[in-house]
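Please take these sequences and the hints and turn them into a complete structure.
Be aware that the sequence shown starts at 44, since it is given in this note's numbering, and climbs by one per residue.
Hints are not guaranteed to be accurate.
To be verified - Lysine to aspartate or glutamate pairs mimicking EDC-like chemistry, simulated, CA-CA at most 16 Å apart: (1) 309 - 532; (2) 468 - 144; (3) 310 - 320; (4) 466 - 451; (5) 309 - 541; (6) 295 - 263; (7) 310 - 532; (8) 557 - 422; (9) 178 - 220; (10) 463 - 453; (11) 295 - 546; (12) 468 - 488; (13) 466 - 453; (14) 463 - 452; (15) 463 - 382; (16) 309 - 296; (17) 297 - 546; (18) 297 - 541; (19) 463 - 147; (20) 309 - 320; (21) 463 - 451; (22) 328 - 316; (23) 310 - 296; (24) 295 - 542; (25) 466 - 452; (26) 310 - 541.
No wet-lab data here; the hints were simulated from the structure.
These numbers come from a predicted model, not from an experiment.
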Amino acid sequence: MIWSPRPLLYCLLQRMGIFLFTISAMICLFVTVMLLFSPSQSLAVPGDGLNLQQLLPSYLQTQHQAWWGEPDYQASSSQADCKKDGWNVLYHLGGNGPWIEKTDDVAEGGIKVPEGCEVDMVHMMSRHAERYPTKNAGIRMIQMLERIKAIGKPFTGALEFVNSWEYFTNSPDQHFEQLTTTGPYAGVLEAFTTGVKLGTRYAHLWNSSFPNVTHLWASEAGRVIDTARHFSAGFFGLESKLAKVIVVSEAKDKGGDTLTPGDTCKKYVEDAEKGHDNGYTMLAKYQSTYLPAISTRLSIDNPGYSFTNAEIYSMQEMCGFETTVRGWSPWCDVFTHSEWRAFEYARDIIHFYRAGPGTPYSRAMGHLWLNATKNLLIEGSQSAGPLYFSFVHDGDIVPMLASLGLLEDEQDLPTTHIAKYRKWKTSQVTPMGGRVLFERLTCADRKFVRINVNDGIVPLPSCADGPGGSCELENFVEYIDARGRLAGDFRSVCGLPDDAAREPSFLRQPAFAKT
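Set out below in structure tokens:
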């Protein structure tokens with residue numbers, strides 16, 4: 044069965060009736076207006092750990108289907124029959140699609156704060172929100188479309204829609220790498236609503252920091268900075284004077300004083316065998332195991348056409364990218380479930396070997412932010428402030444995960460076949476807008492740390508016996524220190540001089556200067 048994102052309207056009207064749908068729409072409109080016009084703590088919904096989606100009818104929660112306006116081409120019947128078979132292509136896009144909740148390997152009980160506990164400190168590392176393709180990926184897509192359309196023969200079969208399909212932006216040069224601004228998955232909307240959601244969840248922490256100015260940190264890229272600013276508007280309010288986005292340079296000479304260690308780790312950049320570029324080498328090896336069969340299948344329906352591995356891969360990439368712009372994409376419907384699982388694994392491969400456990404530099408790179416955060420968690424909110432929000436790229440979250448050991452497998456991922464039972468699955472960890480939060484819990488007189496990955500609590504492998512799958516702070520500190528010894532010194536691992544910065548110096552709230 045093949046699936047791609049579809050409007051919910053047909054199913055809602057058919058199965059629930061116009062009256063129920065109207066009531067649901069009124070509830071959604073009421074909540075949205077309240078939050079958009081005043082995203083301050085004064086309108087925060089009472090109750091620790093409440094997810095704003097709980098205010099919506101259950102059948103509308105976490106559903107971001109396409110809006111009213113659709114292209115002229117029609118989706119297949121498999122998209123319109125509203126079958127609930129548990130398949131959702133958004134969970135198989137490997138970071139190339141909209142934000143999704145983490146559902147695999149999460150603790151029971153959800154994100155609700157455990158009874159008798161209170162969150163007194165939050166640290167977040169977030170990827171930028173939904174964006175258009177990077178320049179290189181976008182150019183590959185456009186060149187592929189121009190080549191196959193120049194053949195001049197009409198497409199049939201799964202590619203028939205291409206006869207009337209147009210690329211999802213008329214100004215690609217202006218949009219490459221920027222946040223998307225249209226559709227239900229618009230990056231600017233996702234960043235803002237995430238700010239509103241977390242502003243509601245952690246309103247008590249904002250109150251405790253008032254009237255101090257809270258810094259948010261963003262690496263030096265337009266889409267990252269814009270994400271931080273839209274998030275800040277949602278969390279603190281439009282044009283709030285109580286928050287300030289601090290841009291952290293991505294310059295290669297910053298050493299450890301950075302949010303983007305992949306740019307400053309000299310050996311990682313230069314090592315063609317085990318460094319950054321090895322991700323693409325290993326990706327190509329795995330792509331050769333599944334893409335040729337797809338090319339053959341599509342060519343059978345379209346005699347005279349041939350497709351390279353890179354072109355088939357671009358078609359798969361367009362599913363996620365068009366969805367972030369238009370709300371759904373017919374490209375999602377071109378491929379079978381097994382072909383999407385192969386694409387998902389291909390994305391796992393590139394992350395694993397480019398910046399994850401498959402490169403010997405990842406743990407040292409990821410330990411920089413992780414260790415700084417550990418030190419702040421030790422100090423606590425009274426000494427260091429309660430709120431810390433950092434915005435980066437997926438290539439910066441992946442090393443942190445490797446250093447943390449949250450998705451650690453016993454063996455490296457094979458490139459000859461899918462490792463079915465692997466822990467390293469990035470689709471639910473680093474989608475557009477993906478975020479990892481470290482919450483410090485106070486439970487009576489004891490302190491704990493729990494990890495929230497995209498609204499799913501993920502227990503540490505060897506430290507999860509605290510409330511709600513948390514780890515006692517003292518044990519968490521010991522765990523991070525042990526992981527740091529495993530990672531090694533950043534400057535030594537990366538071949539940097541002794542006078543290079545060894546750690547982030549900026550990660551501290553200005554009203555809580557260290558004495």
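Do the hints match the structure? See the list:
| no. | hint | verdict |
| --- | --- | --- |
| 1 | 309 - 532 | holds, 14 Å |
| 2 | 468 - 144 | holds, 13 Å |
| 3 | 310 - 320 | holds, 12 Å |
| 4 | 466 - 451 | holds, 6 Å |
| 5 | 309 - 541 | holds, 13 Å |
| 6 | 295 - 263 | holds, 12 Å |
| 7 | 310 - 532 | holds, 13 Å |
| 8 | 557 - 422 | holds, 10 Å |
| 9 | 178 - 220 | holds, 7 Å |
| 10 | 463 - 453 | holds, 14 Å |
| 11 | 295 - 546 | holds, 14 Å |
| 12 | 468 - 488 | violated, 36 Å |
| 13 | 466 - 453 | holds, 9 Å |
| 14 | 463 - 452 | holds, 12 Å |
| 15 | 463 - 382 | holds, 14 Å |
| 16 | 309 - 296 | holds, 9 Å |
| 17 | 297 - 546 | holds, 10 Å |
| 18 | 297 - 541 | holds, 13 Å |
| 19 | 463 - 147 | holds, 14 Å |
| 20 | 309 - 320 | holds, 13 Å |
| 21 | 463 - 451 | holds, 14 Å |
| 22 | 328 - 316 | holds, 14 Å |
| 23 | 310 - 296 | holds, 13 Å |
| 24 | 295 - 542 | holds, 15 Å |
| 25 | 466 - 452 | holds, 6 Å |
| 26 | 310 - 541 | holds, 15 Å |
Of the hints listed earlier, the one the structure fails to meet is number 12.
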